[in-house]
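Q: So the chains spell out like this:
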Amino acid sequence: MATWVFSEEVDGGPTTTALELLTKARSLDGEVAAIYLGEGSDETFAALGDHGATTVYHIAATDTLAAAGIAAALESLIAGGSPRIILFGLGNTDRDVVGRLSARLDRPVLANAVDISASGPVAVTSEILGGTTKVVTEVRAEAPALVIARPKAFPAEPSGGAAPTVIPVELPDRGHAGEARITSRHAESSEGPDLEAAAIVVSGGRGLGGADKFPMIEELATLLGGAVGATRAVVDSGWVPYSMQVGQTGKTVKPGVYIACGISGAMQHLVGMKDSGTIIAINKDPEAPIFGVADLGIVGDVHSVVPALIEALKTKS
Amino acid sequence: MKIAVCVKQIPDPATPYQLDPTTHWVIRPPDQVMDDTDRYGVEVALQLKEASEGEVVLVSMGPAGNMQGIRQALAMGADKAVIIDDAELKGSGALSTAKVLAAAIKREGADLVIAGTESSDGYTGVVPQQISELLDVPALTFARKFEKTETGIRIERQTQSGYDVVECGLPALISVTAGVVEPRYPTFKGIMQAKQKPVDQLTVSDLGLDGDSVGGSGSGQDITEVSPVPSRQAGQVIEDDGEGHLRIVELLEQAKVV
Ligand SMILES: Cc1cc2nc3c(=O)[nH]c(=O)nc-3n(C[C@H](O)[C@H](O)[C@H](O)COP(=O)(O)OP(=O)(O)OC[C@H]3O[C@@H](n4cnc5c(N)ncnc54)[C@H](O)[C@@H]3O)c2cc1C
Ligand SMILES: Nc1ncnc2c1ncn2[C@@H]1O[C@H](COP(=O)(O)O)[C@@H](O)[C@H]1O
Numbered sequence: 001m002a003t004w005v006f007s008e009e010v011d012g013g014p015t016t017t018a019l020e021l022l023t024k025a026r027s028l029d030g031e032v033a034a035i036y037l038g039e040g041s042d043e044t045f046a047a048l049g050d051h052g053a054t055t056v057y058h059i060a061a062t063d064t065l066a067a068a069g070i071a072a073a074l075e076s077l078i079a080g081g082s083p084r085i086i087l088f089g090l091g092n093t094d095r096d097v098v099g100r101l102s103a104r105l106d107r108p109v110l111a112n113a114v115d116i117s118a119s120g121p122v123a124v125t126s127e128i129l130g131g132t133t134k135v136v137t138e139v140r141a142e143a144p145a146l147v148i149a150r151p152k153a154f155p156a157e158p159s160g161g162a163a164p165t166v167i168p169v170e171l172p173d174r175g176h177a178g179e180a181r182i183t184s185r186h187a188e189s190s191e192g193p194d195l196e197a198a199a200i201v202v203s204g205g206r207g208l209g210g211a212d213k214f215p216m217i218e219e220l221a222t223l224l225g226g227a228v229g230a231t232r233a234v235v236d237s238g239w240v241p242y243s244m245q246v247g248q249t250g251k252t253v254k255p256g257v258y259i260a261c262g263i264s265g266a267m268q269h270l271v272g273m274k275d276s277g278t279i280i281a282i283n284k285d286p287e288a289p290i291f292g293v294a295d296l297g298i299v300g301d302v303h304s305v306v307p308a309l310i311e312a313l314k315t316k317s
Numbered sequence: 001m002k003i004a005v006c007v008k009q010i011p012d013p014a015t016p017y018q019l020d021p022t023t024h025w026v027i028r029p030p031d032q033v034m035d036d037t038d039r040y041g042v043e044v045a046l047q048l049k050e051a052s053e054g055e056v057v058l059v060s061m062g063p064a065g066n067m068q069g070i071r072q073a074l075a076m077g078a079d080k081a082v083i084i085d086d087a088e089l090k091g092s093g094a095l096s097t098a099k100v101l102a103a104a105i106k107r108e109g110a111d112l113v114i115a116g117t118e119s120s121d122g123y124t125g126v127v128p129q130q131i132s133e134l135l136d137v138p139a140l141t142f143a144r145k146f147e148k149t150e151t152g153i154r155i156e157r158q159t160q161s162g163y164d165v166v167e168c169g170l171p172a173l174i175s176v177t178a179g180v181v182e183p184r185y186p187t188f189k190g191i192m193q194a195k196q197k198p199v200d201q202l203t204v205s206d207l208g209l210d211g212d213s214v215g216g217s218g219s220g221q222d223i224t225e226v227s228p229v230p231s232r233q234a235g236q237v238i239e240d241d242g243e244g245h246l247r248i249v250e251l252l253e254q255a256k257v258v
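For the protein sequence lines, the chains are A and B, in the order given. Heads up: the first sequence is residues 1 to 317, going by our numbering. Heads up: the second sequence is residues 1 to 258, going by our numbering.
FYI, nobody ran anything at the bench for these hints, they're computed from the structure. One or more of the hints may lead you astray.
Straight-line alpha carbon distances no greater than 30 Å define the calculated DSSO-like cross-link-like pairs of lysine-lysine that follow [unchecked claim]: (1) B:LYS148 / B:LYS106; (2) A:LYS254 / A:LYS274; (3) B:LYS256 / A:LYS314; (4) A:LYS152 / B:LYS256; (5) B:LYS80 / B:LYS148; (6) B:LYS145 / B:LYS2; (7) B:LYS195 / B:LYS106; (8) A:LYS213 / B:LYS256; (9) B:LYS145 / A:LYS213; (10) A:LYS284 / B:LYS256; (11) B:LYS80 / B:LYS2; (12) A:LYS316 / B:LYS189; (13) B:LYS90 / A:LYS134; (14) B:LYS195 / B:LYS49; (15) B:LYS145 / B:LYS90; (16) B:LYS49 / B:LYS197; (17) A:LYS274 / B:LYS256; (18) B:LYS80 / B:LYS197; (19) B:LYS256 / A:LYS254; (20) B:LYS106 / B:LYS145.
Short derived list, chain A residues pointing at chain B, Cβ under 10 Å [as the list claims (entries may be wrong)]: (21) THR15; (22) THR93; (23) GLY131; (24) LYS134; (25) VAL135; (26) SER159; (27) GLY160; (28) ARG181; (29) ALA187; (30) GLU191; (31) MET216; (32) THR278; (33) ILE298; (34) VAL306; (35) GLU311.
Cβ atoms here follow ideal geometry from the backbone N, Cα and C, with glycine treated the same way.
Working from the sequences, and respecting the hints, build out all of it.
A: Listed below in structure tokens is the structure:
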């Protein structure tokens, strides 16, 4: 029996979520292995080993949307390695692979997991209905249990594990189903500290009124040494890249201080930031749901409060 | 080109959801709306149809109820709808949903399948990928832009750090994000026409599916415990009198970040 963890390569290494899941996997069931999609390097494999993976199944395909091939390859690997649980993060490729794998194996996917137990039948705690309700679901189907975990549900802690055995995995030809080709890749890198790791996050929402008002949020974040976040409304309007989105379908953040500017506080946004230390909200609507989670709420216009705050901070430093 | 769009009817998101006390499954009232997320898929389908002729078929699983959600999508301009409503489907998880939708799509013989990236109420976010595997077609997922090519479809796929341009031939599935298009509002004419458009109502056996492989019994999982997530205590809310920013500075000082 074993627990496997999927990781896609992002910025040259495993995702933070994958390291969190490897850490959790060590306490679950038997051996821990990683399934790694990307170019890979000794350093990367060492990091996976240092978080508990003794084996890495390495898939080097980078010029196709490889999920169809990966699902078929995993099906064969599973037949040989019999994992009891396979853990995935929320990344888009994670979801492509787990969705296809679940259909191939005829096994359910347990999504939005915040805890997992394997002492009896595999049981997954997830938060549903916009993170308001917690449910425990027991898996009745045969192994492996396929689980998508929420980011930051578990801390990432090194185990001091040695370099893992790396096993290259070839993808079978899926014919037409495996035909999706990546013709070019584009990075929309944002400057400043990493949103998911930052101690302070300043986020902007539709209440800012337009893309041209977003630099004000960036200036405030820079002054505080924090990172910049945004709501999906703002990302979908094309004001800022998706990599800045906080919430259910974006990043999950837990900074010491979160400042929400012109954000209504929809459930799907709250899911991604409600565990922040101190929450400050500026919104002109006294009924805005964001005030329900804020330690300090200012009912006011972002266009006067934020510039005044920037000035006050500048004179202090 | 025949385009199938997956459209989910959901209880009004503004009202609290009720869970059945014994099965813990969501209770679906007769009055339901179209999941807002699916308006984007419908719009993409309509734009593709307008560019190259064809037919747009809505495919939906769940209690038909008063069918407002389906009528909303028909009023936008879709040609017809197939809804699979069967008591056996109660308690369906994502895979069971995908099996039913895939079977209905196969029956229609679509060249392109369009779905949202995740539903507003279930948000497992894997139904589209499961459908693509069951249909054995390529899936261009998380599209934030799309374009028809000579032989297929090309999209910009959202990634963790930017986007990839991805393409494939047909038949195929695409899943679309909420930023991909600006969905149209139904016109009065559209709303009137929607009342006449064909809606096929099917059961599990109409699709030739085995009842044991779908619904609660086929889901392979049981909810054993339900509890509310403790909510965060609200703090102080003050009206900005021109000094509001100073309160923020104070709090930042207390938190030792300035
Ligand atoms: C399946 C699904 C997944 C989703 N995932 C996410 C996600 O990951 N992240 C996310 O953020 N959202 C997500 N959403 C969208 C979410 O439901 C909301 O639509 C979104 O968060 C709203 O963004 P907003 O607060 O910027 O905009 P709005 O809701 O439009 O709020 C704007 C706020 O600004 C205030 N305002 C306006 N003018 C001013 C002013 N001058 N000064 C001060 N305040 C002002 C208004 O009072 C209002 O409260 C998801 C939705 C679905 C269905
Ligand atoms: N019951 C359903 N009927 C029709 N389409 C659905 C249904 N459930 C999910 N979908 C489609 O699959 C997408 C992802 O849903 P989910 O995997 O539930 O988050 C949705 O945006 C819909 O397009």
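Q: Determine for every hint whether it applies to the structure shown.
A: Now the hints, each set against the structure:
Between LYS148 of chain B and LYS106 of chain B the CA atoms are separated by roughly 22 Å; this keeps the pair inside 30 Å, and the hint holds. Restraint check: the Cα-Cα separation between LYS254 of chain A and LYS274 of chain A comes to about 8 Å, which is no more than 30 Å; the hinted pair holds. Proposed proximity of LYS256 of chain B and LYS314 of chain A is supported: the alpha carbons are some 16 Å apart, at most 30 Å. Between LYS152 of chain A and LYS256 of chain B the CA atoms are separated by roughly 24 Å; this keeps the pair inside 30 Å, and the hint holds.
For the suggested pair LYS80 of chain B and LYS148 of chain B, the alpha carbons sit about 22 Å apart, so the restraint of at most 30 Å is met. Between the alpha carbons of LYS145 of chain B and LYS2 of chain B the distance comes to roughly 20 Å, so the proposed pair stays at or under 30 Å and holds. Restraint check: the Cα-Cα separation between LYS195 of chain B and LYS106 of chain B comes to about 26 Å, which is no more than 30 Å; the hinted pair holds. This hinted pair checks out: LYS213 of chain A and LYS256 of chain B have alpha carbons roughly 28 Å apart, not beyond 30 Å.
Between LYS145 of chain B and LYS213 of chain A the CA atoms are separated by roughly 25 Å; this keeps the pair inside 30 Å, and the hint holds. Our distance criterion of 30 Å between C-alpha atoms is met by LYS284 of chain A and LYS256 of chain B, whose separation comes to about 27 Å. Distance check on the hinted pair: LYS80 of chain B and LYS2 of chain B sit about 11 Å apart at the alpha-carbon level, within 30 Å; holds. About 61 Å separates the Cα atoms of LYS316 of chain A and LYS189 of chain B, which puts this hinted pair outside 30 Å; it is violated.
Annotation: proposed proximity of LYS90 of chain B to LYS134 of chain A holds, straight-line Cα distance about 20 Å (limit 30 Å). For the hint linking LYS195 of chain B to LYS49 of chain B, the alpha-carbon distance of about 21 Å falls within 30 Å, and the restraint holds. For the proposed pair LYS145 of chain B and LYS90 of chain B, the alpha carbon gap of about 35 Å is over 30 Å, so the pair is violated. Restraint check for LYS49 of chain B and LYS197 of chain B: the C-alpha separation of about 17 Å stays at or below 30 Å, so the hint holds.
A hinted pair counts as satisfied when its Cα atoms are at most 30 Å apart, and LYS274 of chain A with LYS256 of chain B qualifies at roughly 20 Å. Proposed proximity of LYS80 of chain B and LYS197 of chain B is supported: the alpha carbons are some 6 Å apart, at most 30 Å. This hinted pair checks out: LYS256 of chain B and LYS254 of chain A have alpha carbons roughly 17 Å apart, not beyond 30 Å. Of the pairs offered as hints, the one joining LYS106 of chain B and LYS145 of chain B holds, with about 26 Å between alpha carbons and a cut-off of 30 Å not exceeded.
Residue-level restraint check for THR15 of chain A holds (minimum Cβ-Cβ distance to chain B is 7 Å; threshold 10 Å). The restraint placing THR93 of chain A at the interface with chain B holds, with a minimum CB-CB distance near 8 Å, inside the 10 Å limit. Below 10 Å, beta-carbon pairs count as interface contacts, and GLY131 of chain A has one with chain B at about 6 Å; its hint therefore holds. Below 10 Å, beta-carbon pairs count as interface contacts, and LYS134 of chain A has one with chain B at about 5 Å; its hint therefore holds.
Checking VAL135 of chain A against chain B by beta carbon gives a least distance of about 5 Å; that is within 10 Å, so the hint holds. Nearest Cβ of chain B to the Cβ of SER159 of chain A: about 25 Å, over the 10 Å cut. The hint is violated. Against a cut-off of 10 Å between C-beta atoms, the interface hint on GLY160 of chain A is violated, since the closest Cβ of chain B lies about 28 Å away. Residue-level restraint check for ARG181 of chain A holds (minimum Cβ-Cβ distance to chain B is 6 Å; threshold 10 Å).
Taken as an interface hint, ALA187 of chain A checks out: its beta carbon lies about 4 Å from the nearest beta carbon of chain B, inside 10 Å. A cut of 10 Å between beta carbons decides the hint on GLU191 of chain A: the least distance to chain B is about 13 Å, and the hint is violated. Taking 10 Å as the C-beta contact cut-off toward chain B, the hint placing MET216 of chain A at the interface is violated, the least distance being around 13 Å. Interface restraint check for THR278 of chain A: the shortest CB-CB distance to chain B comes to about 5 Å, inside 10 Å, so the restraint holds.
Against a cut-off of 10 Å between C-beta atoms, the interface hint on ILE298 of chain A holds, since the closest Cβ of chain B lies about 4 Å away. The interface hint given for VAL306 of chain A holds, since its Cβ lies 8 Å from the closest Cβ of chain B, which is under the 10 Å cut-off. Given the 10 Å rule on beta carbons, the hint for GLU311 of chain A holds: about 8 Å separates it from the nearest Cβ of chain B.
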